[in-house]
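Chemist: Residue strings, one per chain:
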Amino acid sequence: MKSVVKGVLGAFALASLATTALAAETTLTIATVNNGDMIRMQKYTDDFTKANPGIKLNWVTLEENDLRQKVTKDISTKGGQYDVLTIGMYETPIWGKKGWLVPLKGLDDPKDILPAVAGGLSVDGKLFAAPFYGESSFVMYRKDLMAKAGLKMSDAPTWDEIIAAAGKMTDRANGVNGICLRGKAGWGENMAFIGSMANSFGARWFDEKWHPQFDTQEWKDTLNTYLKVMKDSGPAGASGNGFSENLALFQTGKCGMWADATAAASFTIDPKASKVADQVGFTIAPDKGLGKRANWLWAWALAVPAGSKKVDAAEKFISWATSKHYGEMIAAKEGWANVPPGTRTSLYANPEYAKVPFAAMTLASMQAADPLHPTVKPVPYVGVQFASIPEFAGIGTKVGEMFSAALAGQMTADEALKAAQDYTTAEMTKAGYIK
Amino acid sequence: MALKQTTGQKITITIVAWVIGLLLFFPILWTAIAAFKTESDAYTLPQNFLTTPWTLENFGIVQERSDYVLYIRNTVIIAGLSTLLGLVFAVPAAWSMAFAPQSKPTNNWSGYTWLAIIFGSGGLAALILYFMGWHPTNFLVGIILLLMFVVPVSAWVWTRATKDTLLWMLSTKMMPPAGALISIYLLFNRNGLVYKDWGWIDLSDYNLVDSFWGMVPLVMLLNLPIIIWMLYTYFKELPVEILEAARMDGASLWNELTQVLTPMAMPGIASTCLLNLILAWNEAFWSLNLTNKFAAPLSFFISEYSSPEGQFWAKLSAASIMAIVPILIVGWFSQKQLVRGLTFGAVK
Amino acid sequence: MATNQSRAIGKWALAPSLIVLSAWAFVPLALTIYFAFLRYNLQDPDNTSWFGLSNFYYFLSDPYFTKDFINTILLVGSTIIFTIAGGVGLAVLLDQPFWGRGIVRLLMISPFFIMPTVSSLVWKNLIMHPVFGLFAGIQRFFGSTEPIDWFGHYPLISVIIIVTWQWLPYATLILLTAMQSLDGEQKDAAAMDGAPPLSYFRYIVLPHLSRPITVVILIETIFLLNIFAEIKVTSVGGFAGNLTYLVFSQLNDANDVGAAAAGGIIAVILANIVSYFLVRIVGKNLEG
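Residue numbers (the working numbering), protein chains in the order written: chain A, 126 to 560; chain B, 151 to 498; chain C, 252 to 539.
Derived by calculation from the structure, the hints in this document are not laboratory data. In this text, all values refer to a predicted model and were calculated from it rather than measured experimentally. Hints may contain errors.
[Claimed, not checked] Far from chain C by the CB rule (all over 10 Å, computed), these chain A residues:
#, residue
1, Ile219
2, Lys223
3, Pro228
4, Met278
5, Lys309
6, Leu374
7, Lys379
8, Tyr478
9, Val504
10, Ala518
11, Met527
12, Leu532
13, Gln535
14, Asp547
[Unchecked claim] Derived pair list, reagent style SDA-like, types lysine to any residue, alpha-carbon separation capped at 25 Å:
#, chain 1, residue 1, chain 2, residue 2
15, C, Lys262, B, Ser260
16, A, Lys543, C, Ile321
17, A, Lys181, B, Lys486
18, B, Lys313, C, Ile321
19, B, Lys486, B, Leu388
20, B, Lys486, C, Lys262
21, A, Lys251, A, Val504
22, A, Lys334, C, Thr299
23, A, Lys560, C, Ile321
24, B, Lys486, C, Met430
25, B, Lys346, C, Phe277
26, C, Lys262, B, Ser216
Beta carbons are placed, not taken as given, at the ideal position from N, Cα and C, and that holds for glycine.
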């Protein structure tokens, strides 16, 4: 009876797993994000499968938001569709604390991982995800346009300097915008930028009692400054520009400055993709003299879901992908500029890597970000451009939509802040933070 | 309504019609042009689309980067199988309504009686489920209890007049899919509501998310009301006299079906298949939400181009052209037959 | 007409479709109703608990609900109006004899076969992009320095343009078929009477089109109420989202199953109100 029922149900419910059960080898299904470094890794999997003949790799490559939504649904229902997850600094502490991830063992020299990154991916000293690459944000600028405007970029710029420079470089008749910043809604898109900018203005998401702070003067200053500089010196249609749109603008020479991820640097100086490859300079994110700079901290990391039946194979793969050996292989085949940045102290100690133009500035930026003390005033959460609570993803996305609407001119700054304050208060009340 | 045209009028109408036709087609044409340009030329297209060189490189890059072959294979499987499966359900249903129509309800119970039966039975099921702790520990009990709701509803619709049955079917198509999304996800998912270890049977290795076993029936159900209605309108127009003549000659039901009805109905069935194929090919909501790779169709493949890194328009255009050309050609060749079915009997 | 034998078999032939359709319509719905009363966040499933009507309260009092509700009506309503108005016009045009009629017909029907994800991305990037897009190029050609930022400033209108483009062919073809089915005698009689084209259109053609127009309204409403891909892949969900998108975003951005389920139930109720009236109107027209 049992086998008959199972057979009938099985016929209706052929699982991907059924096929793998037949095969002698282990197939790892890896959910990953569709950005350059990750796609490059897929080209070099031969190196791994040759050393581990029993393991087959199956890639599920998704766009960032899509990846987050699908991986979250899968892990919270214990669906087990993926054996290796690509997640970030936001998810790792939350899921690690819940016991949804396997603490990683057998990594290649875990002490070598940059302390800020390792800290953001650990719970109680246990590493739950191994960083594939890490990033902060900084300012990329066009040396030729700066010279043309008679300016010199300082090594530690303030917001006033950046805004003045943006204004001077803007030449809309020739399609040059002084500054390109993210405007596309999303907690990982515009809120990553505006959130870190707010930190440098002394603002914070929540006070110690989890009350939203969008009604404060600091947030007003942040948003007004952002809107004004975008209006005066930003590109048309900025409310639709995320990372990739801004990268395209910068590569085609339409931006004087671009404040964004340090991981973008290698694409801006790649002569095959960028028309301005030989004119790009890098400097640290600006501040307002309050002790915090407007730079975020993020890492895409690989993790294994708890309950997985293939933990050993998954750990082997993660260890390979995040090893020094992988970095050296990429350096040998694609050049040092294309090594996944921002994860290992030893990489930055390497004299070869130090010749890469953005190496020193990337390290300085990453060290300037402190997830435990992200803001001028104290906060109850961890995370620079996000708050690592489960509700943040929803709140951050909605607030991002409001700020994006303000950028598009559909709302004023005050209206957007009021809407953000009301929405966040309602959500935090619903979730039980505000009693 | 110029009933008699002068040549001058004909020339004017020709020009106007061609301009409008080309305008409507233009976005597709423009995409096709961009698909054959290099990436940086695609960004400056409005100025110089004639002078820049043509290239085929984008198609290769798209295949290499996103594995087009996998997605078109998935699309063909989902669209094809769901169409066939749909016919298995739709042909008998449409045949039944067209040739054995009920002009009025076949039982004379009042609406309240039916309401009481449906909600009585369904409510009883809910109560039992509630006292069993909602998540039933026994899989079969859950199914039986669900049938306590589904069967009375089906019976009620079954006994209605044909016209009302038809409209009820169509109204199921109006259900917002958003309302069912999370439930379907949990019904399909491993360790969800069905595919888990039940104690007496371990289903925890099964999973319908991102699998053909989930997508094919789902897409079939999405389009079933539409194709039943379309088939019904075709069947209704078939000349009944021939059938009656066959019956007079003593043809059995089997002969009637295979030798008289099927040949006559084939054109209608074929156009219905085409419509179902087009709708299934272009389905987006469930594809975007329930598939990632193994059963992901072209809709999903394209959506991944909403935000790749840096410049991507030429690649986006190439991917778009590769996704739409097969179904566009099918549509072009079948449009005449399709249109008759799409009027759903509103045009005699 | 039919024998008793075929009638009996015919009745049973209907049963499988009815069972799968009612299961499809009601099983997920029942589960969704259950979830709507829970506090259930995917990021925090251990704290799942009874939440009463709170999900409905928060969903209905969310300003996004009002906005997206209005957007849904605007999107469906204006698309139907534009496609029918445009469809009547194009049908009249295509009803005339001219050179290359078959090809023009093919060109016009093409958008109907394009998958929504493709048309959205193509319109957003290649046509309406404020810097590199075709519209911007045309505007610059005519001397404008600041081309319209379609998706930034007019997100809903942009979506309506895309959706209208996709559905105009359908309306055109249905109405054209209807027009061509006007029999020649009627046309000739009108010509003999010397009826001016306008009044011929007003008194003969339009009444003849009323039935196909109701069918167009019905079919378009069914598909347009649940427009999703056009909003998702152009990422205008925050400004021009409809109810379907709002529910999607409650589930996928906020991971809030309870709120998404409550939103789903509200969408189902609203859709049923629409379908109640629509089905009655169409039902009347169907038999006539």
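Chemist: It remains to establish, for every hint, whether it holds in the given structure.
Modeler: Now the hints, each set against the structure:
no. : hint                : result
1   : Ile219              : violated, 7 Å
2   : Lys223              : violated, 7 Å
3   : Pro228              : holds, 19 Å
4   : Met278              : holds, 25 Å
5   : Lys309              : violated, 6 Å
6   : Leu374              : violated, 7 Å
7   : Lys379              : violated, 7 Å
8   : Tyr478              : holds, 35 Å
9   : Val504              : holds, 20 Å
10  : Ala518              : violated, 6 Å
11  : Met527              : violated, 8 Å
12  : Leu532              : violated, 8 Å
13  : Gln535              : violated, 7 Å
14  : Asp547              : violated, 8 Å
15  : C:Lys262 - B:Ser260 : holds, 21 Å
16  : A:Lys543 - C:Ile321 : holds, 21 Å
17  : A:Lys181 - B:Lys486 : violated, 49 Å
18  : B:Lys313 - C:Ile321 : violated, 33 Å
19  : B:Lys486 - B:Leu388 : holds, 18 Å
20  : B:Lys486 - C:Lys262 : violated, 32 Å
21  : A:Lys251 - A:Val504 : holds, 23 Å
22  : A:Lys334 - C:Thr299 : holds, 23 Å
23  : A:Lys560 - C:Ile321 : violated, 33 Å
24  : B:Lys486 - C:Met430 : holds, 15 Å
25  : B:Lys346 - C:Phe277 : holds, 22 Å
26  : C:Lys262 - B:Ser216 : violated, 48 Å
When each numbered hint is compared with the structure, violations occur for hints 1, 2, 5, 6, 7, 10, 11, 12, 13, 14, 17, 18, 20, 23, 26.
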